[in-house]
Structure formats: structure tokens, C-alpha cells
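Trainee: Each protein sequence line maps, in turn, to chains A and B.
Position one of the first sequence corresponds to residue 1 (our numbering), numbered consecutively onward.
Position one of the second sequence corresponds to residue 1001 (our numbering), numbered consecutively onward.
Treat the hints as calculated values from the structure; they're not laboratory data.
All values derive from a computational prediction rather than experimental measurement.
Think of the CB as a built atom: it goes at the ideal place given N, C-alpha and C, for glycine as much as any other residue.
Mixed in with the good hints there might be a few duds.
As the list claims (entries may be wrong) - Think about it this way: if two alpha-carbon atoms lie no more than 25 Å apart in a straight line, the pair counts; the simulated DSS-like pairs of lysine-lysine are:
#, chain 1, residue 1, chain 2, residue 2
1, A, 64, B, 1061
2, B, 1256, B, 1012
3, B, 1256, B, 1321
4, A, 43, B, 1321
5, A, 43, A, 117
6, B, 1061, A, 43
7, B, 1075, B, 1065
8, B, 1012, A, 43
9, A, 91, B, 1061
10, B, 1061, B, 1075
11, B, 1304, A, 117
As the list claims (entries may be wrong) - Output of the computed footprint for chain A on chain B, the stretches with three or more beta carbons under 8 Å from beta carbons of chain A:
#, stretch
12, 1009-1022
13, 1029-1039
14, 1096-1106
15, 1151-1164
16, 1224-1230
17, 1295-1301
As a plain string of letters, each chain reads:
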Amino acid sequence: MPGTYIPINYLPVLIILIAATLIGLAPLLIGIILRPRRPYPAKLSPYESGIPPVGEPRERFSVKFYIIAMLFVVFDVEAVFLYPWAVAYDKIGLYSFIEMMIFIYILLVGYIYAWGKGAIEWE
Amino acid sequence: MTILEIGITFIKVFILVTIVLLHVAYATYCERKVIGHMQARLGPMHVGPHGLLQPIADFVKLFFKEDIIPSNADKPVFFIAPVIGVIAALSSLAVIPLWETFSIANLNIGILYILALSSLGAYSIILAGWASNSKYAFLGGLRASAQVISYEIAIGLSLVGVMMLAGSANLVDIVNAQSMYPFILVQPIAFFVFIMSAIAETNRAPFDLPEAESELVAGYFTEYSGMRFGLFFMAEYVAMFIMSAIATICFLGGWKGPDFWVFSYVPQIVWFLIKVYALIFFYFWIRATLPRYRYDQLMGLGWKLFIPLALANIVITGLVKLF
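Pulled out of the complex, with its shape left as it was, chain A reads as follows:
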């Protein structure tokens, strides 16, 4: 029947996902009964080396983190393109090798440009 494909190989993955979720949640949920709970304001305030918190905790942060995130997307997608190529490399030979070298070359130009612009420098 079309549209009823069940990926049966992945059923064990589902089972271990359920088991892992239980192991993650169980200590927290069972612990509610066993743990003491005696909160007071000073205990619940965020840690700041013993002084009362000053200012907003979520302040502005360096733009470099955004640049790293953007570069990550580029290189991670590159890695994803490399996987099927690597697995099938024995069967597709020289032609695919040249194609992939062109692909890596284009990325390398971008990488050198990002490096030259100081995107991966941290001072």
C-alpha cells in the first residue's frame, strides 16, 4: 500500500529514546517526594560571587558568536554533502573526485576570505 511505509529498522531507536527519556525524568520526578524543599529569597537569587545581582543577566554579547554560527551552517552543510559522496566514492571514481575538489575549492575561497576579514580571530 502506498504511503504506509514503516521504517522498521528504526523501532529500536524509538525504544531507546523512550528509555533515555525515562532515565532523564525519573530521578527528577521521584526525587520530588524525597527531597527537602525549604526555599527563601536569598537562596533562590542567581549566584554572583556572594553579592546581590547587579543589572540584567542577559546583556549584549560579542557579535563574533553570530559569525561563528553562520560559518558553522556553511561548513556543516558542506560536511553533509561530503557524506554521501564519501560512502559512494568507490563506485563513482575520478569524475566525482574532480567535482568534489571544485566544491571544496569554492568553499576554501570563502574560508580564506572569512579568515582574512578576521571572522575567526578572537581578541
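Use these hints to put chain B onto chain A, whose structure you have.
Mentor: Chain B in isolation, oriented as in the chain A frame:
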């Protein structure tokens, strides 16, 4: 798949998870002992003979600790972050073959599955840092997420060479492709990049910048205490076990050992665990030996050395395979 097979899978999951959790408990003990002896101390000695019951005492203590949720925290996210970490770490176990016929799910995309789940682990870090609503946790979370995603690229690229040689992303196939020689002999650069990036990916010393206690208190889990902190700790040690297992499978020949004299009678799992424990010992050793990196050095190392090295390794492997 019949009901019987599903039942067997449940039992397998139960056995594997129990073994790994026991292993995690005693890995903490071993780490304290190993580092203690390396620094001319004894490590834990008081609970049980030679401190052997220390992990159990630690667990009981963590379990009965008061659960402190900071008043300004984003409560649902604060609650879910350590659970995500544990789920991502434990689910990766599904594809690891302990010996030739034992893996819970023999997927043909094993490596991709492991990398996908290790990316999910980054969510637990960034969500924990964000939800705590504390300066240290926020800065630690930012640093940690930037570090984890940077080194994830290096890990991903270093495994491409292995996949090219094995012609498969299935972990069982990769081990079977190493019947002549382990891939560490032909992929030494990839092995080096993988091991170093795995240390950074699991936030271990000398790349434990996210939890650099001298500057960030405890980084992204500053506000976590009791069992929630225990879950982060568990996720870190399970991730360490998984990274060592992947290094064993992809570079050291997995469950295969020398095939002569008495060595051929040693069960496959023993070889596998010997290699994994050797790598975990290496983690402890490097922690006792090296001082922590500076953050700019760490990011520079990842982006300027490991990623170009891994790319060069792919090109060289491709060239060698052509001729």
C-alpha cells in the same frame, strides 16, 4: 518485526543502559583515583575498601539534595535542559556495536546518527545557559555552544576519510573493513583531529572552557544543583564513553584483536572494552597533565588548524584511493 523481537530489543536496551550507567558511576571513581595518583595523592579512600563505594555515596547524596530553582529562571526550559542532554547522550548508544552481532539498531547511517545526536546535546548547553538567568551561566552557555558547534565540524570532517575507505557509514561495516589493519595506520591525521575534537566536544580538560571554574564559576550549569547537576554530569560521562567508542570503531578496529595463539580465544567485547578504556584513560591523563587553553587559542585551534587538516585529509585520501 514480531512481538518477540520487540521484547528482545527491550531487554537489550535495559542491559546496555544499565551497564553504561554503572560504567559512568565507576568512571567518576576511576577518574578521581587516576588523577589522584598522578598528583601523588590517594583519591577517595573512606567509603568502602579503597573508596570503592564512593560513586554510590555520591549518587545518594545528589539524589537527596534540595532542588533549587532560581526565582528568575525560565522554569520549563530550566527543567528540560538537563533531560535533553541525557536523552541525546544515551540515545547515541543505540548504534554502537559492542561485538559483531550486538547493536541495538544496526542502522546504515550510524555515523550520521551519532553526529546528529551530539548536535542535539548542544541544545541542552545553550538552553541551560539561557534559562538560568545568571551572568555566569549565560556567558558559559554562549562560549560552550560556540565551542561545541566549531568542533563538531572538525569531528564530522575527520570521519569522512574513514567512510571513504570503508565505503559505508554503518559502524559494523566500518569495523569489518578493518580486518587487515586498523584505520589509524592509514588515517593518522584524522585520528588526531578526531581525538582532540572529541575532547573539546565533550567539554573536557584542557578544552573545558565552558566550565572554567577560575573565571566562570561552573559555566552553563552554575545554577544547577542536586540531581539536575547529576544529569549534566551523567551526560558528560556517557558522551565521553560514546566518543571513545566511536574512535575505537572508526580507527582502532573495534572488537577485532590479534588473531593468533591465545588471543583468538578472547571474546570480542573484551577487545572492544580494552580499547575504549585505554582511550578514556587517555582523557584522564590529559586532564591531569595539561593546563586549560585560553578561549581565543581554543577557537583558533579549531578553525585554523583542525578544519583545514581534516579537509586536507579528505583530499589526500581521495587522491590515494584513485591510484
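Trainee: Hint by hint, note whether the structure agrees.
Mentor: Hints, verified against the model:
{"no.": "1", "hint": "A:64 / B:1061", "verdict": "40 Å, violated"}
{"no.": "2", "hint": "B:1256 / B:1012", "verdict": "22 Å, holds"}
{"no.": "3", "hint": "B:1256 / B:1321", "verdict": "24 Å, holds"}
{"no.": "4", "hint": "A:43 / B:1321", "verdict": "62 Å, violated"}
{"no.": "5", "hint": "A:43 / A:117", "verdict": "46 Å, violated"}
{"no.": "6", "hint": "B:1061 / A:43", "verdict": "19 Å, holds"}
{"no.": "7", "hint": "B:1075 / B:1065", "verdict": "19 Å, holds"}
{"no.": "8", "hint": "B:1012 / A:43", "verdict": "43 Å, violated"}
{"no.": "9", "hint": "A:91 / B:1061", "verdict": "57 Å, violated"}
{"no.": "10", "hint": "B:1061 / B:1075", "verdict": "24 Å, holds"}
{"no.": "11", "hint": "B:1304 / A:117", "verdict": "14 Å, holds"}
{"no.": "12", "hint": "1009-1022", "verdict": "holds (count 7)"}
{"no.": "13", "hint": "1029-1039", "verdict": "violated (count 0)"}
{"no.": "14", "hint": "1096-1106", "verdict": "holds (count 3)"}
{"no.": "15", "hint": "1151-1164", "verdict": "holds (count 8)"}
{"no.": "16", "hint": "1224-1230", "verdict": "holds (count 4)"}
{"no.": "17", "hint": "1295-1301", "verdict": "holds (count 4)"}
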